[in-house]
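Start from the sequences and build out the full structure, keeping to the hints where you can.
Number of protein chains: 2
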Amino acid sequence: MPRRVAVVENILSANDQLAHENRENLDAVGLFAINLMASPGAGKTSLIEKTLPLLASRLSVAVVDGDIATSLDADRAAAAGAQAAIQVNTGGDCHLDAVMLSGALKQLDLGRYDLLIVENVGNLVCPASFALGTHLSVLVASIPEGDDKPHKYPGMYRGVDVLILNKIDLIPYIDFRMDFFNKGVEVLNPGVVTFPLSCPTGEGLEAWVEWLFEKVKAFRRKS
Amino acid sequence: MPRRVAVVENILSANDQLAHENRENLDAVGLFAINLMASPGAGKTSLIEKTLPLLASRLSVAVVDGDIATSLDADRAAAAGAQAAIQVNTGGDCHLDAVMLSGALKQLDLGRYDLLIVENVGNLVCPASFALGTHLSVLVASIPEGDDKPHKYPGMYRGVDVLILNKIDLIPYIDFRMDFFNKGVEVLNPGVVTFPLSCPTGEGLEAWVEWLFEKVKAFRRKS
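Residue numbers (the working numbering), protein chains in the order written: chain A, 1 to 223; chain B, 1 to 223.
Hints are computed from structural coordinates only; laboratory data are not their basis.
Hints may contain errors.
[Unchecked claim] Covered stretches of chain A, as calculated for chain B (at least 3 residues, CB under 8 angstroms):
| no. | region |
| --- | --- |
| 1 | 38–45 |
| 2 | 66–78 |
| 3 | 109–120 |
| 4 | 167–177 |
For glycine and all other residues, C-beta sits at the position ideal for the given N, C-alpha and C.
Dropping the structure here:
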């Protein structure tokens with residue numbers, strides 16, 4: 001089906017162009033942005049809920065939440081202390097793209113924030129193919145998803161800058177072969193920055209939040 | 001972006017046509033087929049592993065496994081006693097479509113089996129939009145995914161015939177509001193046949209397997 005492939009290429013290149021514009025708009029005001037991706041239910045929203053209070057006294061944070069439907073996630077981000085929370089309903093689309101982020105950015109006074117967290121639609125496949133213009137791609141994996149996920153979703157694991165392994169409090173109750181998981185990650189993305197943590201218990205959260213804070217600081221020094 | 005919408009419509013209608021042909025081929029030999037869908041890690045493969053031994057003495061079962069990469073799932077289905085296990089690697093696509101199933105069916109001597117289990121790619125969005133020609137759509141949800149999933153992925157929850165709620169053994173360790181989950185399901189798919197169960201402990205499995213066995217029997221009587 002060559003016609004279909006050609007059309008996908010056109011969409012991607014238009015997307016890349018707009019992602020580039022998004023990046024320029026973010027850079028112009030020194031706003032550091034991360035793209036949070038994961039399976040449905042791995043804990044993206046919980047991570048945002050736990051991260052925001054630990055940054056509240058130091059950074060002003062905006063959140064853009066992508067979902068097929070509802071504003072449940074933006075509501076949770078706002079309740080956790082986001083200075084602004086924008087919900088993007090994709091209306092069926094299985095990922096955010098640069099057009100959608102561009103629309104959300106227009107609703108924000110970008111210069112007021114230090115950090116923008118973009119929460120993508122829960123999906124281990126498609127979001128990896130659509131650049132948004134953010135500075136850092138973060139994948140939230142979770143113990144109950146199983147240890148075979150890097151092997152089965154290589155595109156996602158290959159492309160991210162940071163890997164968070166959430167729900168480590170469930171390790172005692174689940175047969176999760178950590179060496180098999182790590183082997184898959186290591187082949188696809190050697191040396192990727194990794195934070196094992198638990199949003200429910202808080203274990204490991206501080207290491208992630210401090211690392212993120214340092215990233216934002218370094219970015220602002222540069223810009 | 002009207003051009004893009006038009007192209008998606010073309011693909012879908014070609015897909016529907018081929019799904020119809022798949023259905024005719026299945027019906028011609030009296031082979032009952034189910035389309036198993038879920039998030040990554042909800043437990044589709046584990047459900048197949050636990051279901052097959054309970055049917056082994058009564059039905060001959062073939063499995064078609066869709067994944068971005070690897071043959072891990074087909075290997076597990078074969079080890080659990082599938083009479084045939086075909087792995088379809090989608091090469092990046094985030095769902096199975098009727099073309100891919102058609103290709104897999106050609107590799108099977110369809111008349112030899114009573115039940116075909118098609119395991120779709122782990123994804124709560126796209127597989128819902130691509131009919132395969134199977135007789136029954138089954139969604140595997142799981143406790144650790146969280147209670148908000150019907151609300152956030154309505155397209156998937158709306159379209160399925162059966163809902164399996166897996167990993168109920170983890171209920172004591174996870175904050176899962178069963179009434180919030182059920183409310184979402186009830187709005188989208190009132191009265192959907194539901195089986196709460198646990199693949200790790202086996203609780204609730206028999207009810208699902210016996211229900212499925214009766215479905216296959218009823219289909220074979222008719223055909």
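Hints and how they fare:
A count of 3 residues in the region 38–45 of chain A with a Cβ less than 8 angstroms from any Cβ of chain B is obtained; the coverage claim is therefore met, three being the minimum. Under a criterion of three residues with beta carbons nearer than 8 angstroms to beta carbons of chain B, the stated coverage of the region 66–78 of chain A is upheld, 6 such residues being counted. With a cut-off of 8 angstroms between beta carbons, the region 109–120 of chain A has 0 residues touching chain B; three or more are needed, and the interface restraint is violated. With a cut-off of 8 angstroms between beta carbons, the region 167–177 of chain A has 6 residues touching chain B; three or more are needed, and the interface restraint holds.
Comparing the model with each earlier hint shows a violation of hint 3 alone; every other hint is respected.
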